[in-house]
Amino acid sequence: MISVKQVSKSFGERRVLNQITMQVAPGECVFVLGKSGVGKSVLLKLMVGLNSPESGEIHVAGLKVDAENSQTLAQIRKKCGLVFQFPALLDSVSVFENISFGIRAREISVNPSEIEAKVREKLSLVGLNEKVLGKFPTELSFSTQKRVSIARTLAVEPDYLLFDEPTTGMDPIATTGLNHLIKKLSQELKVTTVVVSHDIKSAFAVGDRMILLDQGQIVFEGSAEKFKTSTASLAKQFQEEMF
Amino acid sequence: MEYILNLTKTLGGMILLAEKWIKLTFQGKTRWGFVIDQIFQVGVKSLGMTLIAGMFVGAIMALQIDVQLKDFGAESFLGGLSTSTTLRNVGPVLIAFLLSGKVGAYTSAELGTMEVTEQLNAIRLLGADPVEYIILPRIWAVIISSFLLLIVGLMVTILGGVLFSQFIGVNALSYIQNIPRIVTGWSIVLSVVKSFVFGTLIAIVSCYKGYTARGGAVGVGTAVQSCAVTNLILIIFTDFFLSMISSLLQELFQVGYL
Amino acid sequence: MRKRFRLRIHEALEQMYFLGVQSLPIVFISLGFVGLMMILELAFHMRLVLKHDALVPAFSAVLMVRELGPVITCLLLTSRIGAGIAAEIGTMKVTEQLDALKMLSIDPFDYLVVPRWVGSVFAAISLTVVAIAVSLWGGALLAIQKLGTSSGEYFNTVFFFVKFPDVIRCLLKAAVFGTLIPFIASYQGFRCGTGSAAVGEAATQAVVRSSLAIIVADFVLTYLFYAI
Numbered sequence: 007m008i009s010v011k012q013v014s015k016s017f018g019e020r021r022v023l024n025q026i027t028m029q030v031a032p033g034e035c036v037f038v039l040g041k042s043g044v045g046k047s048v049l050l051k052l053m054v055g056l057n058s059p060e061s062g063e064i065h066v067a068g069l070k071v072d073a074e075n076s077q078t079l080a081q082i083r084k085k086c087g088l089v090f091q092f093p094a095l096l097d098s099v100s101v102f103e104n105i106s107f108g109i110r111a112r113e114i115s116v117n118p119s120e121i122e123a124k125v126r127e128k129l130s131l132v133g134l135n136e137k138v139l140g141k142f143p144t145e146l147s148f149s150t151q152k153r154v155s156i157a158r159t160l161a162v163e164p165d166y167l168l169f170d171e172p173t174t175g176m177d178p179i180a181t182t183g184l185n186h187l188i189k190k191l192s193q194e195l196k197v198t199t200v201v202v203s204h205d206i207k208s209a210f211a212v213g214d215r216m217i218l219l220d221q222g223q224i225v226f227e228g229s230a231e232k233f234k235t236s237t238a239s240l241a242k243q244f245q246e247e248m249f
Numbered sequence: 013m014e015y016i017l018n019l020t021k022t023l024g025g026m027i028l029l030a031e032k033w034i035k036l037t038f039q040g041k042t043r044w045g046f047v048i049d050q051i052f053q054v055g056v057k058s059l060g061m062t063l064i065a066g067m068f069v070g071a072i073m074a075l076q077i078d079v080q081l082k083d084f085g086a087e088s089f090l091g092g093l094s095t096s097t098t099l100r101n102v103g104p105v106l107i108a109f110l111l112s113g114k115v116g117a118y119t120s121a122e123l124g125t126m127e128v129t130e131q132l133n134a135i136r137l138l139g140a141d142p143v144e145y146i147i148l149p150r151i152w153a154v155i156i157s158s159f160l161l162l163i164v165g166l167m168v169t170i171l172g173g174v175l176f177s178q179f180i181g182v183n184a185l186s187y188i189q190n191i192p193r194i195v196t197g198w199s200i201v202l203s204v205v206k207s208f209v210f211g212t213l214i215a216i217v218s219c220y221k222g223y224t225a226r227g228g229a230v231g232v233g234t235a236v237q238s239c240a241v242t243n244l245i246l247i248i249f250t251d252f253f254l255s256m257i258s259s260l261l262q263e264l265f266q267v268g269y270l
Numbered sequence: 003m004r005k006r007f008r009l010r011i012h013e014a015l016e017q018m019y020f021l022g023v024q025s026l027p028i029v030f031i032s033l034g035f036v037g038l039m040m041i042l043e044l045a046f047h048m049r050l051v052l053k054h055d056a057l058v059p060a061f062s063a064v065l066m067v068r069e070l071g072p073v074i075t076c077l078l079l080t081s082r083i084g085a086g087i088a089a090e091i092g093t094m095k096v097t098e099q100l101d102a103l104k105m106l107s108i109d110p111f112d113y114l115v116v117p118r119w120v121g122s123v124f125a126a127i128s129l130t131v132v133a134i135a136v137s138l139w140g141g142a143l144l145a146i147q148k149l150g151t152s153s154g155e156y157f158n159t160v161f162f163f164v165k166f167p168d169v170i171r172c173l174l175k176a177a178v179f180g181t182l183i184p185f186i187a188s189y190q191g192f193r194c195g196t197g198s199a200a201v202g203e204a205a206t207q208a209v210v211r212s213s214l215a216i217i218v219a220d221f222v223l224t225y226l227f228y229a230i
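For the record, the sequence lines run as chains D, G and E. Numbering follows this note's numbering, in which position 11 of the first sequence is assigned residue number 17; successive positions increment by one, without gaps. Numbering follows this note's numbering, in which position 128 of the second sequence is assigned residue number 140; successive positions increment by one, without gaps. Numbering follows this note's numbering, in which position 152 of the third sequence is assigned residue number 154; successive positions increment by one, without gaps.
Simulated from the structure, these hints should not be mistaken for laboratory data. Heads up, a few of these hints could be off.
Said to hold, decoys possible - Part of the chain D face toward chain G, derived, beta carbon under 8 Å: (1) 92; (2) 94; (3) 108; (4) 162.
No residue lacks a Cβ here, since even glycine has one placed at the ideal position from N, Cα and C.
Whenever a hint applies, use it, and build me the whole structure from the sequences.
Here you go:
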C-alpha cells in the first residue's frame, strides 16, 4: 500500500506537484501518465525518500517516508525497487557485480552459488544472454543496459516496484517483452507496481489503473475503459495519440 | 554575501564528510583491496606528470635562486638554499597544485558523473551507503597516492636542481655538498607533514565536490572547476599556517637550526 | 587558406569580465597569504644562512615578481577558468551546439576561442599586477610585525632590488601563460567525447595540461630572461 496525501513540491518558482493525493493498493499496477517535465519522476523519488516534499505526507507499507529518519527510510527502501530512467549502472564493476550488488548489500544471501543462481534467474527474466555477465556497462547498448538495470532491481525481490519511464529508448520488441514482465510480476507475484511513463500504449496493455498528471495536478484517475471516454482535455490528446 | 554563505556551506559539508570518513575508518569499513586498486589507477597515471613537474620546479628554483644570490653576492649557498626553499614551500605547493588538477579533478569528475547518472542513488536504493562503498576507499586512495606522489615529486625536484645547476655551470658536487648544510631534519619533517596534509585536503575536497555535483554534464564540469579552485585556495592557506606553526615551534623550542 | 579571424568586441568584453573580474577575490586572498608565507620562510632561511634578516624583503619581493607572482596567479586562473572553458565547449560539443553554430555559419574558433583568449590574457596580466601588489602588501605587514622593518625601509629595499625590466618580464610571462590556458582548454573541449563522463575528462585534462604547460613555459622564459 502506497498512500500519497496532499503532497506539493516546487523547483524554484515552478510548482511541479500541487496537493497530489493518490493511493496504490497492494498488488495493483498503476500507470502515472503525463507530458515530459510534469513531475512524474519526482513523485517516484519522493516515495523512496530520494527527495523530500514541501508539504504533505507519503506512507509506504504503513511507514512514513521521511528523508531525515534514516532507520524507517532503510526499512522502506528494503521493500522497494526503483528502476531509473537512465540505467544508472555502476560503471566500475561488471554486469554480474551490478546485479548481485543489492543481494550482497541487503544481505539477502551470502552464499556465492546462491547469489549466482539468483543473478542468472533475473537475467533470463529480462531476456538477456548470460554472455553479458562478464562485460562492463559501457560495452553494452542502451537498451541492454536498461534491461540489466531492471534485473538489478528485481534481484532484491522488492514488494514495491517503481519504474521511471521503463520503455523510453527501448526498441518495440523489448518494450513488449517488458510489458509482459511487468504484468507477470504484478499478477503472479502480487508486486505493487507504479510505472511513470508517457507511453500510453503500454499503459493500456499493462495498467490496472491510470493517473493523468497535468500542471501539478491529477486531471484523471481510473481504469483504461474510463480513460477512453474521459472528457479531460489532456486525456483527449492522449486518446488521439492512441487511436 | 552569497559568496560567504557558499563558502560556509562548502566548509561545513567537507567537515561533515571528514567526520564520516574518520568514523567509518575506525569502524573498519574500508575495503583495502579496492583502495590499492585505486592507488594504482590514480597513482600510476599521475606519475609521469609528477616527474616532469618535479624536474622543472627544481630547475626553475635553482635557476632563479642562483640569479638572485648573484645579485646579493651569496652564491655559495645556492645548493642548500634552493633545495630548502623548494622542499619547504614552493615544491609542495606547486606539485600539490598539479596533483589537485590531476588526482583531484579526476576523482571529482568520476564521482560527479556517478552522481548525475544516478549511480549513487541506485546504490542508496539497493541498500548500501554510497559514502561507505564509493567515497571511503577513494578518500584513502587519494590521500595515499597524493602523499606518495608528492614525496616522489619532491625528491625529483632535488634531482632537477642538481642537473640544472650542472647545466648553468655550477659544480654539481659543491651544489650537493651544500644541501645538508641548510636542509635540516626539521625542514624535511615539515615538507613531509605538508605533503600529507595537502594529500588529505585534495582527497576531502575532491570527494565532496564530486559527491555534491548536480545537473548533467554541466554539473560535472562545474564540480571539477570548483574542486580545483577550492583545492588551490586551501593549499595556500594551510601552507601558510603550517609554516607559521613551524616557525612558532622553532622560536619556542629553539629547534630546526641544525 | 583560412580567413583572418574577426574579433567580437562584445564577447571579448564579456569574457574579460567573466574571466578577470570574477577571479579577483580568489587571487586577492590567496596571493596575500603567499606574500606572508614568503617572508616567513625566507626569514627562516636568511637567519640560517646569513645570520641576519635585512635582505628578506628584497629577496622575497624579487622572487615574487620574477617567479611566484605570475606562476601562482596563472595556476589559480587555470583552475578557475581552464576547467570552465573546457567544460563549456565540451558541453556544447556533446549537445551538438557546435554543429548548430557551424550551420549558422559562425566559426566556433572566432566565436568561442578568440574572445576567451583576449579575456584570459587581460585577466592574467591584470590579476598578476594585483597579485604582486597584494603579496608585497601582505609581506610588508609581516615584515613590520616580525622582522621589525619600518614600512619605509621595506618598500625602499623592494623598489631598489626589483628593477623595471623584471616587471616587464613578469607581465610578459603572464601574457604567455594567459595565452596557454584558453588554447589548451578549448582544444580539450573541442575534442571532447560524448556523455557527462567525457566532459569531466575534458575539464580534468584542461587543468592538468595547462598547469603543466605553465610550469614548463615558466622554466623556458626564466632561462631566456635571466640565464642568457
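Evaluation of the provided hints:
no. : hint : result
1   : 92   : holds (6 Å)
2   : 94   : holds (4 Å)
3   : 108  : holds (4 Å)
4   : 162  : holds (6 Å)
The earlier numbered hints are all upheld by this structure, with none contradicted.
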